[in-house]
Amino acid sequence: SQQGEEDPQALSIQEGENATMNCSYKTSINNLQWYRQNSGRGLVHLILIRSNEREKHSGRLRVTLDTSKKSSSLLITASRAADTASYFCATVSSGNTPLVFGKGTRLSVIA
Amino acid sequence: KAGVTQTPRYLIKTRGQQVTLSCSPISGHRSVSWYQQTPGQGLQFLFEYFSETQRNKGNFPGRFSGRQFSNSRSEMNVSTLELGDSALYLCASSPDRYQETQYFGPGTRLLVL
Numbered sequence: 014s015q016q017g018e019e020d021p022q023a024l025s026i027q028e029g030e031n032a033t034m035n036c037s038y039k040t041s042i043n044n045l046q047w048y049r050q051n052s053g054r055g056l057v058h059l060i061l062i063r064s065n066e067r068e069k070h071s072g073r074l075r076v077t078l079d080t081s082k083k084s085s086s087l088l089i090t091a092s093r094a095a096d097t098a099s100y101f102c103a104t105v106s107s108g109n110t111p112l113v114f115g116k117g118t119r120l121s122v123i124a
Numbered sequence: 104k105a106g107v108t109q110t111p112r113y114l115i116k117t118r119g120q121q122v123t124l125s126c127s128p129i130s131g132h133r134s135v136s137w138y139q140q141t142p143g144q145g146l147q148f149l150f151e152y153f154s155e156t157q158r159n160k161g162n163f164p165g166r167f168s169g170r171q172f173s174n175s176r177s178e179m180n181v182s183t184l185e186l187g188d189s190a191l192y193l194c195a196s197s198p199d200r201y202q203e204t205q206y207f208g209p210g211t212r213l214l215v216l
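Same order as they appear, the protein sequences are chains V and B.
Mapped onto this note's numbering, the consecutive letters of the first sequence carry residue numbers 14 to 124.
Mapped onto this note's numbering, the consecutive letters of the second sequence carry residue numbers 104 to 216.
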């Protein structure tokens, strides 16, 4: 069953623009993670934010978490064509529970 | 370190057959999880193995099974294949149970005809 729901389902932007993807989830979490998937291949871990954190940065990525609204956002700044991929949020409810993924946002960055 | 490897990468089977997929985790990783990805259902957790024991199982029928060997390599088996089993099967490893970063392999794409 899906825990996270990403919004929008698809996003198309020009190179150099910023891309924002949102994720909403249903139950309390231990942490929330974002992954990238290129063309139906394996997933690559991007960033993890814990339930007691509000914001994290990693290079051009900025993630925010609002536990009161059960939502997170991923911002990719100055996007590049190579950022074209599907982006998934995944939640971990407690220490020994598996990742539960949303359905993803498909990002297209046009050069 | 070499990444997570999965074999085979592509597979075509017919309904009723069975299939075995293999996953070799990153050296030193003891936890292996399997996920099924389909356009309709998205990414769904199948099961997790740690120290050769299944520690958690997703909501899949008993036709889906797996095992882990002493070297942490894992296999999953699907018996009596159905058309709906066509999917990308992803394996992920981590040093310990549900460590924060899961390292995914490239996946095995299974087509059931």
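What the hints contain is simulated information worked out from the structure, not anything from laboratory work.
A couple of the hints might just be wrong.
To be verified - Pulled a few chain B residues facing chain V out of the computed Cβ check, cut under 7 Å:
#1 Thr123
#2 Phe148
#3 Gly210
Claimed, not checked - Just the calculated beta-carbon pair ranges, DEER-fashion:
#4 Ala94/V / Asn174/B: 16 to 26 Å
#5 Arg54/V / Asn174/B: 42 to 52 Å
#6 Ile123/V / Gly131/B: 32 to 42 Å
#7 Ser71/V / Asp199/B: 21 to 31 Å
#8 Gly29/V / Gly119/B: 34 to 44 Å
#9 Thr183/B / Ser71/V: 37 to 47 Å
#10 Thr204/B / Ser25/V: 41 to 51 Å
#11 Thr77/V / Thr204/B: 28 to 38 Å
Keep in mind it's a predicted model, so treat the numbers as computed, not measured.
Where a beta carbon is used, it is the ideal one built from N, C-alpha and C, also for glycine.
Each hint tested on the structure:
no.: 1; hint: Thr123; result: 19 Å, violated
no.: 2; hint: Phe148; result: 4 Å, holds
no.: 3; hint: Gly210; result: 6 Å, holds
no.: 4; hint: Ala94/V / Asn174/B: 16 to 26 Å; result: 40 Å, violated
no.: 5; hint: Arg54/V / Asn174/B: 42 to 52 Å; result: 25 Å, violated
no.: 6; hint: Ile123/V / Gly131/B: 32 to 42 Å; result: 41 Å, holds
no.: 7; hint: Ser71/V / Asp199/B: 21 to 31 Å; result: 22 Å, holds
no.: 8; hint: Gly29/V / Gly119/B: 34 to 44 Å; result: 52 Å, violated
no.: 9; hint: Thr183/B / Ser71/V: 37 to 47 Å; result: 44 Å, holds
no.: 10; hint: Thr204/B / Ser25/V: 41 to 51 Å; result: 29 Å, violated
no.: 11; hint: Thr77/V / Thr204/B: 28 to 38 Å; result: 20 Å, violated
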